[in-house]
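Asks: Quick note, the sequences are listed as chains G, U, F and P, same order. Once you know that position 211 of the first sequence is 211 in the working numbering, the rest is easy, because the numbers rise by one and skip nothing. Once you know that position 35 of the second sequence is 35 in the working numbering, the rest is easy, because the numbers rise by one and skip nothing. Once you know that position 270 of the third sequence is 270 in the working numbering, the rest is easy, because the numbers rise by one and skip nothing. Once you know that position 290 of the fourth sequence is 290 in the working numbering, the rest is easy, because the numbers rise by one and skip nothing.
Just so you know, not all the hints are guaranteed correct.
No copy labels: a pair is met if it fits in one copy or bridges any two.
[To be verified] Calculated lysine to any residue pairs in the SDA-like style (CA-CA distance at most 20 Å, straight line): (1) LYS35 / ASP48; (2) LYS35 / ARG21; (3) LYS33 / ALA72; (4) LYS131 / GLY208.
No lab work stands behind these hints: they were computed from the structure.
4 protein chains.
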Amino acid sequence: MKVGLIGLGSMGVGIAHNILRAGHSLTVFNRSKEKAAPLLAEGAAWADSPRALAAGQDAVLTMVADDNALQAVTLGEDGLLAGLAQNAVHISMSTVSQALVASLAAAHARHGSGLVSAPVFGRPDAAAAGKLFVAAAGKPAHIDQVRPVLEAVGQKLFEVGDQPEQAAVVKLIGNFLISCVIEGLGEGAALAEKTGVAPEKLMEVLTGTIFGAPVYQIYGKLITTGGYKNPGFALPLGAKDNRLVLQAAEAHNVPLPFASVVRDRFVRGMAQGLAGADWSAIASLAREDAGLNN
Amino acid sequence: MKVGLIGLGSMGVGIAHNILRAGHSLTVFNRSKEKAAPLLAEGAAWADSPRALAAGQDAVLTMVADDNALQAVTLGEDGLLAGLAQNAVHISMSTVSQALVASLAAAHARHGSGLVSAPVFGRPDAAAAGKLFVAAAGKPAHIDQVRPVLEAVGQKLFEVGDQPEQAAVVKLIGNFLISCVIEGLGEGAALAEKTGVAPEKLMEVLTGTIFGAPVYQIYGKLITTGGYKNPGFALPLGAKDNRLVLQAAEAHNVPLPFASVVRDRFVRGMAQGLAGADWSAIASLAREDAGLNN
Amino acid sequence: MKVGLIGLGSMGVGIAHNILRAGHSLTVFNRSKEKAAPLLAEGAAWADSPRALAAGQDAVLTMVADDNALQAVTLGEDGLLAGLAQNAVHISMSTVSQALVASLAAAHARHGSGLVSAPVFGRPDAAAAGKLFVAAAGKPAHIDQVRPVLEAVGQKLFEVGDQPEQAAVVKLIGNFLISCVIEGLGEGAALAEKTGVAPEKLMEVLTGTIFGAPVYQIYGKLITTGGYKNPGFALPLGAKDNRLVLQAAEAHNVPLPFASVVRDRFVRGMAQGLAGADWSAIASLAREDAGLNN
Amino acid sequence: MKVGLIGLGSMGVGIAHNILRAGHSLTVFNRSKEKAAPLLAEGAAWADSPRALAAGQDAVLTMVADDNALQAVTLGEDGLLAGLAQNAVHISMSTVSQALVASLAAAHARHGSGLVSAPVFGRPDAAAAGKLFVAAAGKPAHIDQVRPVLEAVGQKLFEVGDQPEQAAVVKLIGNFLISCVIEGLGEGAALAEKTGVAPEKLMEVLTGTIFGAPVYQIYGKLITTGGYKNPGFALPLGAKDNRLVLQAAEAHNVPLPFASVVRDRFVRGMAQGLAGADWSAIASLAREDAGLNN
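This is chain G alone, in the form it adopts within the complex (with noise of 0.2 Å):
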């Protein structure tokens, strides 16, 4: 297939290499030019704006940063719709809103083309390996016509509806709910260690027992380690999720009560300084207010 990619950042340049890797023709499209050269040197071409990239692709991919970015590159003058096929269809896997996801539906419908939401589970170093999992969701004819290029990029393919922003929204529930993981971690951590258990010991019962999945893993982990004060995914960017998810919930009118919660740890984080550590550094919150020192 001939694949368009809007959007190099860590994640996209892994999900770039395995595109081509599955045999596609690949051509991309980034605000900087430079991340973009491993991937020309693999046989990639370049293009100058979204509408030129755009222009002949059986399919085009986004992974940009937020709402806003994802905006920018779809519509207007220089936007991806405007070069796109009326046969084409638009990939995107950013996390953003189930409304901006709704309109841009709206728009292809109105264009003549698809789009298939596509957001992803995991980390770079997943997608550099070809091991993220998709949840998307569109029209069956839509996901059909870009199926390889999903399968080229994922492990796993869960196909959760026909309207794109089911998926949209699923990824937000997925991140919510690892964010109620963070914070149920947190609170039982800051009582384990006063209770003079040392959490990690907390954390090898938890892991070793019921709760033995990746997202307890990785996150206990984060957690007894410190290891929350690296950013692997900024703490202002689960605030913009946890903001997402509320924004979807209250449309379909859900009262998410946990979310609430994470949502003052998430606007205390700000306050108080952690707008460059991890989002798991909530976790760190619940020790404060156990009188921990951190």
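Given the coordinates of chain G, work out where chains U, F and P should sit on it, guided by the hints.
Replies: Leaving out everything else, chains U, F and P in the frame of chain G:
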């Protein structure tokens, strides 16, 4: 070893069988004797009181309903302590309060005997199969003394500290984190459903990615299939454990905002007629809050 | 003074009458002209657009529904700013977002005119009687310039700062604290009722002791008499103001745990069919949670 | 009437003076006799134990620290019940648990005497001035019997029910609502401060409009002036009353989400060194959460 066991509920019976299978001598006591019949047929002996049972044993294991029951079988004129040899060890497997464990530890110390708090993770089927996870705390010498018993009933033994109440707290934290999974999944499933994504599909995505642990599989299924209507672990017991973890946390001055949210759910569940349901029924309150019919 | 007034809802009409009574020249604009008839009979003039209305006025007062309405009547080709003299002042009395007030303040500064944000406390009967409380913020010179108008509509004027958005936030905090009174009284009344104490009796004790303020009298009565079923201030408007205070607080990195609890109430109220009730209807959710029939 | 009074703390002393002033015969008991000196000088008699004090009285009033103290002076060999005449009435003015009041009511019923639960609203200065508010519950005949005493100590008497525990709950709800005012003002003041509005200015607006009640005036001042550092009503006592209202609410299956939030504040306050401050010090935690220095 010569082992006594008090409490033949669904957990205790399974544990008793595995002690017998491991070749230990076993004497049992229960409020109603009928439950003991199959064990007596396999060679267990019967005692008419905790005190009578305790006499001459190397270890006495208790698996009873709650604080009141544990206090009743341990202390008082007919309690096990009155009959226990000074070098014997009491293994307490019930999920009870930190405060009670601390006070029983002191009583044993005065008596010259030992207390190992060894609460377990797992349901009756795991108890029957000897596949429980055991989190034990107590003086290392005491744990060593009863290690064969602990290993007979569990697939894995975690030694979490040298003060018995530490294991009590670890168990309470474990149940607290399960309640957080239930609440989080309940909220997430309600949002998925109102977005038009089947909750089963959401669970498939979650457990197929980084949430692939038994706790998500078990409770995800109870929540999405309505299985919560049958009390595997009844809601009032969940409410009790929530109360105990909040009490332990208060004793150590540790705020647990998530436990507070869950507390309000349990209290509401009791008010709204869910006392006969599984503790995972609190997930149905998140659906109700979203205007979905239950 | 020559005064223009945009927005003849139940609040705006009362305000307009008091401006006329104070002897000012008044021109009005409203989406539907019928509302203006009584005022025109008393000597007010009519303008066909916000822009036409603004021309030649010393002050233009807006009292419209929300952010969208305020933006629409202020900016754009037919907006009041297009017609406003450079030395005139815009008095904005609506409860709107901090962000919009800040952006309108900047627009006025570019235009050479002034903005005084002057939200009010009080219901339509207070507006009709000229008994509103006015919290104003803006440059002191601008406030001085429109003081006669502010004093004509209110019984008391509070000057809270020199940046217009400060009054917007003070008003949002006021509404937030009212929502806290509603939630607290709802919880307390539910507990009283289940204890066998009539909620009216509870309110009598509260307002007869240290809670003797209008906010407890008004909302205590709405809650205990079922008066919340009639929308004095409709629940969606309460939900909107809750959203605005959370947004303002997030912009300043201030967690508001109470506002988060109230948020969940409003979202649930929307889901459970209370959109047509008064915002104090969230108190009925506390009753429902306690298993009391509504 | 012949009246006994147990408990000469800052509240009890004021109450005792007013009983004397009203012309009743008064006998007092306190753990340390020094506190009684001024009263004895005014004509009060001294008794060496609650039991001795109770003998021959028409009414015995208790004003002691907490559940333990009330239980100790009421029950047991030297308790007041042992000395009380069958037709006499015990007036309990302490803020204690619903459960204890219910159990003392039963003990009095068995004894043939009466119990009137009559907790008060007001601080020591109000007690000294006879300006307390009294919320009483008990059998109407019992209340009538001690009405002269209740009227001697308070400016207003509210009769809230015929079961003594009802007054206990009303008092706990009152303290719960005060704690809600503190938390709400703490959050609002933090937001005002970060917006550049002086918290004092916010309080002026609030108490000058619909929040014009003593509870806002008193706590608004404590919060904005740092007065919360001096314990008028110490934080651990606030934490205790919060615990009692949550227990009463749990006994009646009433969730209290606001009380849960406040609970987390008190626990955190205990952990972070605020045990020596006023209970309004929890407002300083809202400031801290917003990144403001305390």
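Asks: With identical chains treated as interchangeable, where does the CA-CA distance between LYS35 and ASP48 reach 20 Å or less: within a copy, between copies, both, or neither?
Replies: within (14 Å within a copy, 57 Å between copies)
Asks: Check LYS131 against GLY208 for me: Cα-Cα at most 20 Å, and say if that holds within a copy, between copies, both or neither.
Replies: between (24 Å within a copy, 13 Å between copies)
Asks: I want to check one pair: LYS33 and ALA72. Are their C-alpha atoms no more than 20 Å apart within a copy, between two copies, both, or neither?
Replies: within (17 Å within a copy, 41 Å between copies)
Asks: Check LYS35 against ARG21 for me: Cα-Cα at most 20 Å, and say if that holds within a copy, between copies, both or neither.
Replies: within (18 Å within a copy, 64 Å between copies)
The structure meets every hint from the earlier list without exception.
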